[in-house]
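*Asks:* As a plain string of letters, each chain reads:
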Amino acid sequence: MGDYENYLKGSPLEVKVITRRIGIPNSASIDVFLQNDGYKALAKALAMKPDEVINEVKNSGLRGRGGAGFNTGMKWSFVPKQSAKPKYVVCNADESEPGTCKDRPLIEFDPHQLIEGVAIAGYSIQSNQGYIYVRGEYRYLLDILDRALQEAYARGYLGKNILGTGFNFDIATHTGAGAYECGEETALLNSLEGLRGYPRVKPPFPAVVGLYGGPTVVNNVETLSNVPSILLNGADWYSKLGSAKNGGTRLFCLSGHINRPGVYELPMGFPLRRIIEEVGGGIPGGKKLKCVIPGGSSCPVLTPEEIDVPMDFDSLSKIGSMLGSGGVVIMDEDTCMVKAALRISRFYAHESCGWCIPCREGTSWLKTLLTRFHAGGGVAEDPDTALDVAFNILGKTLCPLGDAAALPVISILKKFRHEFEDHLKLGACPYERSAVTAS
Amino acid sequence: MLSDTLKAKFDQVIARYPLKRSAIVPLLMFGQDEIGYVSDELIEEIARAVDVRPIEVIEDIGYYSMLHRQPIGKYNLQVCTNISCLLRGGEGILEHCSKKLGIGHKQTTPDGKFSLEEVECLGACCGAPAMQVNYDFYENLTPEKIDALLERLRKNSSA
Amino acid sequence: MPEPTTAAPPTTVTITIDGKSMTVPPGTLLIEAAKQSGIDIPSFCYYPGLTLQGACRMCVVLIEKMPKLQTACTTVVANGMVVHTANDEVKNARKAMLEFLLTNHPLDCPVCDKGGECELQDAVFRYGAAETRFLEIKHHEEEKKFSNLVYYDRPRCILCYRCIRVCDEGMDVNAYGIGFRGAHSEIIPNHGDKLECEECGMCIDICPVGALTSGTYRYKTRPWELTYTGTICNHCGDGCKTTLSIRNNEIIRANNRDHSGFNGEFLCAKGRFGWDFVNSEQRVTSPRIRRDGKQEDSTWEEALGTTVARLNNIITRHGADSVAVIGSNRTTNEENYLLSRFTRTVLGTNNLDHHRTADFSSLVGALTNSHATDRYATMQGVATASSILLIGNNPTHQHPLLAYQIRQAVRQHRARLYVINGDEIKLRRQATLYVQVKPGGEADAVRALICNLGPAADLLAAGSTPISAVAEKLKTESNTIIIFGDEIRGEMVGELVRWGLTLPGRTRFIALGDYANSRGAADMGLLPGNLPGYSSITDREARAYFETVWGEKLPVKPGRDLRGIVSGIHAGDIKTLLVFGSNPIKTLKLDGNALSKLDFLLVADLFPTETGALADVFLPATSFAEKAGTVTNTCGQVQAVKRTMRKPGTRSDLEIIMALARQFGRKWPYNSPDDVLREMIAKVRGYSIALPTLLLGGAVATVPEGIPPALERVDLISTSGDSLFTSGTVSRYSKALNSVEEAKRPHDHIF
Ligand SMILES: Cc1cc2nc3c(=O)[nH]c(=O)nc-3n(C[C@H](O)[C@H](O)[C@H](O)COP(=O)(O)O)c2cc1C
Ligand code: SF4
Ligand code: FES
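Protein chains in written order, with numbering that gives the first Met the number 0: chain A, 0 to 438; chain B, 0 to 158; chain C, 0 to 750.
The set of hints was computed from the structure by calculation and includes no laboratory data. Backbone N, C-alpha and C fix where the C-beta goes; we use that ideal spot for every residue, glycine too. It is possible that part of the hints are untrue.
[What the hints assert, rightly or not] Residues of chain C placed beyond 10 Å of chain A at every Cβ, according to the derived structure:
1. Gly53
2. Ala54
3. Lys144
4. Asn311
5. Ser463
6. Arg562
7. Arg645
[Stated by the list, open to error] Here are the simulated DSSO-like cross-link-like pairs (lysine-lysine), alpha carbons at most 27 Å apart as the crow flies:
8. C:Lys472 to C:Lys588
9. C:Lys94 to A:Lys201
10. C:Lys556 to A:Lys413
11. A:Lys201 to C:Lys34
12. B:Lys19 to A:Lys84
13. A:Lys201 to C:Lys472
14. C:Lys144 to C:Lys219
15. B:Lys105 to C:Lys219
16. B:Lys19 to A:Lys159
17. C:Lys472 to C:Lys425
18. C:Lys144 to A:Lys413
19. C:Lys143 to B:Lys105
20. C:Lys144 to C:Lys588
21. B:Lys19 to A:Lys8
22. C:Lys588 to A:Lys244
23. A:Lys414 to C:Lys67
24. B:Lys8 to A:Lys159
25. A:Lys413 to C:Lys90
26. B:Lys144 to A:Lys201
Please work from the sequences and hints to get the whole structure.
*Replies:* Take a look at the structure:
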């Protein structure tokens, strides 16, 4: 599809766990999957007690790859054992965080790994129905998944009495129609119920009251794709792959000003500097680094001084940023940070669901202010106003989209204030060219 | 009148959910794929199929950015200019398409062949600059690639 | 993601708000707990009784040990919670929300209807943020006309979603939705760019700003130019409290924004918009006398003089029983009481009746016989009932408040509603069981219900729930409220009551009469056989009682009922007819010359009605808004109506009756409606009500008791089947109600 394979270039530094089948011809077919220990983990899980499966995942240190980085096994353990209403597993394949394109290859080249992960999650919380919510733009992945699901049903890995264990589990795909907010787990649930993708008031959390009011586990594609390997090789093996409390590997999407853009599977805690310089092969034209977004556009940006950080959830939050969704966006010295802030703000203004005031009004205010400012119409107060607006959004919205919009702008305004001053002095953008020069 | 294949698809999709209304968005998407846009009739049919009031379908249409109430071109060029693509010349690609087709954001060529849209992140960041034509991805774009593509599409559409 | 608590909840929780410690029941919302201790946390999207939104973020507070500010409207109190609602962090956050709201707000307060009573304006005064740093262009949008009565101004809208929720959850109309996304979000109506709904206007009142405005009020005036008077709606029999806004002797609007009265914020289209008949230029403002065939303007002196002369003449020539009087469903209790006195003592006849729309007499008689006169249900009672049996009627159209109360009971108290109806009434949506009988089959259904025998095969509509199912369920309920329309009358009422009283708990009853004082007309004895308070004219003691109260003899001969009066006119036995606030030609569907045999016809009314057009003397009467007194709703609850203005040239029925009595040489001891009320309270059984409560605007339940004569012919009881947008004759003179598009659709149209 597209030029996709082109940028799964691979790197000797990779540790391939969930991407290990990618590259094998026909890796999406169930036969290739089965020849490469496909559905063994499901068989193994079904032979265990549900709680044992949950503990295995908990101990592996697997943390949510969707952005929040919450311990996956722990999340599953919140699901009440007894429930009047049916329980559900929902796989979040809404991948829309700018800079992120990792769930796409996982579904395109190894859909059965994901299906197996969903089924195992279903067994562990004793659910009988899973849904995979795929963003509308990924229509071709929907078709790939539907095909894979048919195969899995045909071979008895889904449906009634799976592998003769008496466990019944169904999975259906669901398409979105263009809305970043529907990646937020409760908005996703509303969307899945046919409503506008507005987030829900928490608590109650989905694990207790979720889809159709039943206990529901919502997990990211990458998260669930890790589950089979964890069950096959054990929690210990998995946790040792990564750093403390950050089990396993994770997919990093290198994009922007980088020589070898692509999706790479690296151990948790792999240093950001080496990702840029060794894995990504440095910056085109030998240019200097200006800043990096470490985990998708909602993360505070990092300056060159900050890139010796190990890429795991805790290390990044220590330096005031986030590992987020693994979207590493590199910007070289010729990048206009005002423009970057503007473009990011435009995105969040466009995607705000509009439910709550600070996000609805705040994001569109930031967008219009920065548009005017970057176009040369800035006034001296603008940078402070923008900072205030961002802080007034921060922590006051119903769902985290507000924070996602505020944090990058705050970090850029703080770390690159001088660029705003330059715009004011010049009455125009000093970098206009570079933004549009194709590399 | 919706085609029988579409009607069959509707039934099959609705059957996936314990609550019929869950199917609204998928039905809108599949319906739009066939009809080319979300027609009044489609809204009525869907409302009936999942027994909700039409306004509930209309609420969804307004929310989701991929659904449109007017017919658009046979080929809808959706150019991403979000951060990763921006950094690799996404805006230039958009400009180029716009010049080539003589239309701007959310406009359609008089012959109804092409529409152009500036869109948010498509999930092709590592292949930036990228765009989607209808559902097909085109990545690592250059003006030359665009020209070639437009040529090909023109041929297809007149063929 | 904190671990969801599964521990058993305590019986009460203790929390500290701004230093004050308090205990509240578990499950209480923080915003409500604060309110209880006098701490007002600002809010836009939160609205008591409606679902939670967490959208406006105005209610943010600081809760110790929580990472960030929390919304008080969605936070449930937890033991030991320490809350700060007024520190700087909180104040600044609220200020910020307001600044955000104002970024795209037009700030056209000087011309906005809500100016002066706007929650956004108030909040800005309280927290500042009036000066904005917003330098961008506000997106503008033209005002939208959703209907003739409802307009929407997007730029003013703060998207609190109250309108959507009150329409869905309160009205079960679901006419609103949200269009588009993000900053472009807006409220959209259900039919393209138009509303198709019940036009109740609840969305207008509940809107905290001037986004939704009233087609009849918008841009007319400013709130501070108005004087406000709380009174009672004059349309249906439910008795909603309404606040009339008056500017120079004209009613400008009606609403219930102070939420006084058992209707809370509720008003239907008639209550909110249908008062404008009072201002109608078709009101008659001078007495008229017929001279050689045509009515001409005259003076009060002449009109009253002529009337008394003609009456004296006829009574001496043909006797008192050649005179008949028809009373009103809308006049006050005081007026009805005096009309009853006037007819029986001054005229000396019992030929007195009114258009009866419910069989209140039979209900009172049945409950008295069963020693159960403590079983009249109240309007408030319905909203908190656990079980309701609704037989006949279509409350959505004929008793909008009652329908609202029933929906409240079902939604907020999980009440079970059992409906037996010949029609697919809208309330079936709330019903636990819905028995659809063939049109007019309600009485037979009740018989089947009572005798628990299988109904006649053809009684039920195809596929309907069997009646036995309802009978079984009701045995498992307790404290059921039984509500019935005009379909149940005469001895059926007695049978229903006796059976109802055998159900578990305290079964209570409501009979549904059409108009603002239909109940009061029966209570005050505008019936041939009833004296005020449901005692029978044939009961010697009762007669003696009122003879002492009124100091005059009462006629013994039974009077004619409405049908008897009409046939009497036809037979030439009735020579004179006095009609007060009633339009028999229309309500009885009489043809124009049915009254032609009369020697003399007096009509007192607001408008030149079909009956009024035939009058020899026409007296221009006042409306509910122009006089003081009391009315009794269909549940038997008395409320005060107040004088707010007066159309020059008109007089109230009370003034008219008093004047006539005076000219007949009577010296009645009343100088004001209050004097009449005091006598009623002292003398009319069931009306010994607490005057202070009444004068303070409360509703006081009566407990009528008595054995009135049995109903002779069932066709004396019949609803006029008004819709949401009609109200007998007066609604024809309401521009607002006539402008309602939905009214042009079939009456039983369900929204
Ligand atoms: C605005 C917003 C958008 C999000 N988008 C996505 C998304 O596209 N994919 C995803 O997996 N998680 C997304 N999330 C995170 C989800 O809310 C949720 O945390 C996640 O799906 C849980 O799965 P995990 O624990 O496996 O990460 C988003 C969150 C927010 C606030
Ligand atoms: S922060 Fe508020 S407006 Fe923004 S997406 Fe979340 S709920 Fe919607
Ligand atoms: S009142 Fe709490 S968020 Fe609106």
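*Asks:* Which numbered hints does this structure break?
*Replies:* Hints 1, 2, 8, 10, 13, 15, 18, 20, 21, 22, 26 contradicted; others consistent.
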